[in-house]
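Enquirer: The primary structure of each chain is shown beneath.
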Amino acid sequence: AQSVTQPDIHITVSEGASLELRCNYSYGATPYLFWYVQSPGQGLQLLLKYFSGDTLVQGIKGFEAEFKRSQSSFNLRKPSVHWSDAAEYFCAVVLITGGGNKLTFGTGTQLKVEL
Amino acid sequence: EPEVTQTPSHQVTQMGQEVILRCVPISNHLYFYWYRQILGQKVEFLVSFYNNEISEKSEIFDDQFSVERPDGSNFTLKIRSTKLEDSAMYFCAGKKEGYNEQFFGPGTRLTVL
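Residue numbers (my numbering), protein chains in the order written: chain A, 1 to 115; chain B, 116 to 228.
One chain only, chain B, in its complex shape (with noise of 0.2 Å):
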């Protein structure tokens, strides 16, 4: 059965550094969506993305996240200079047109030192 699959697993990064989290979605998905989760704190809505550009996207998601599809495969997540408070696990979902279930990937564990 098709997975939603994300890399790195785990990301370990220095404040202000740039990271890119990637995320491989079901190939007949196309709503595609990031979340992310605190350690201890429930999961978060960041940003969807429809048809090549963002649908909609939370107060969390400032001028320091952006996402792209560049390939039509892959969707990336990139936090251009990443904060202390950034540390999470960023899990990717998707999901098809007219369907409202949405399949997660495994997550990348961010760590920010």
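Looking at chain A on its own, in the form it has when it is part of the complex (with noise of 0.2 Å):
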């Protein structure tokens, strides 16, 4: 069954600590990839995506994502993490051909970020 998952539902790390969110698709083709972050109350803010080309790509607030077709992941990183990074983060994919447009996302994974 196609789907997108997220392994960690939670995530705790120190203020400055370097930070990896992973994403695993399972779809018969290359989807594009996104990664959205809700801070508490809020709406989806997209942080970055990818369509083709590089496998990796650059996003807002000093986030990068890289695309490994091998092992169908597009995971989320930052090398020095904020307290205002504190949210959740959801990876989504739109199928490219066969699905339509719309977004199937993970299920999340929280971040802490301890001071």
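Careful: at least some of the hints might be erroneous.
Said to hold, decoys possible - In silico SDA-like cross-links for lysine to any residue, where the CA-CA straight-line distance does not exceed 25 Å:
1) K49(A) to I141(B)
2) K211(B) to L95(A)
3) K49(A) to S72(A)
4) K61(A) to K157(B)
5) K172(B) to S26(A)
Everything labelled a hint here was simulated from the structure, so no lab data went into it. Bear in mind that the values here come from a model prediction, so they are computed numbers and not experimental data.
Since each chain sits alone in its own frame, please combine them into the complex, following the hints.
Expert: As structure tokens, this is what we get:
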């Protein structure tokens, strides 16, 4: 079945530490890939996206993500986390063909930042 | 920078009542979407809308749901007879022709009592 998996429900890191949030997808074709962030009580803000080309993509707020076709992964990284990064992070995909344009989201990873 | 707006930010209603959630997409967007997020759960697709008709809908989007864009500006989601399990955050999103990025509104929190 087609799915998006975020294996880590909660992650806690210290401010200044590096961060990696995992995302795996299970689709027959390569989808378009996105990371969104949701702060408490807020909407969804697009951090970055991957459609094609360079597999390392840069986003806003110092985030980057790497697409690895062989692992069906699109992990989100940040070299040094700030307290304001505490939020919920969602990986999402859109199928390029046959799936319309709807976004399919993972279950999210709640990031806590310790000062 | 243009933003998607949604009203109201919070709606409380009694079970069985009708609610209408409103969205004003970015003006040059042509594709529109509704998603919902039940508290503590993931964001789920409800429906997509293009050229004044539904292009895709999920199993969640049953006969009690409807969407329309009556005036070419507002994009609405109507729930005819709300149930307790309709309590969720509802997000509107839009995208431009030829692009794959969807831009989300801040959401409407619907509470059904």
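Enquirer: Compare the structure with each hint and give your call.
Expert: Checked hints:
no.: 1; hint: K49(A) to I141(B); result: holds, 20 Å
no.: 2; hint: K211(B) to L95(A); result: holds, 17 Å
no.: 3; hint: K49(A) to S72(A); result: holds, 15 Å
no.: 4; hint: K61(A) to K157(B); result: holds, 23 Å
no.: 5; hint: K172(B) to S26(A); result: holds, 21 Å
Checked against the numbered hints given earlier, this structure breaks none of them.
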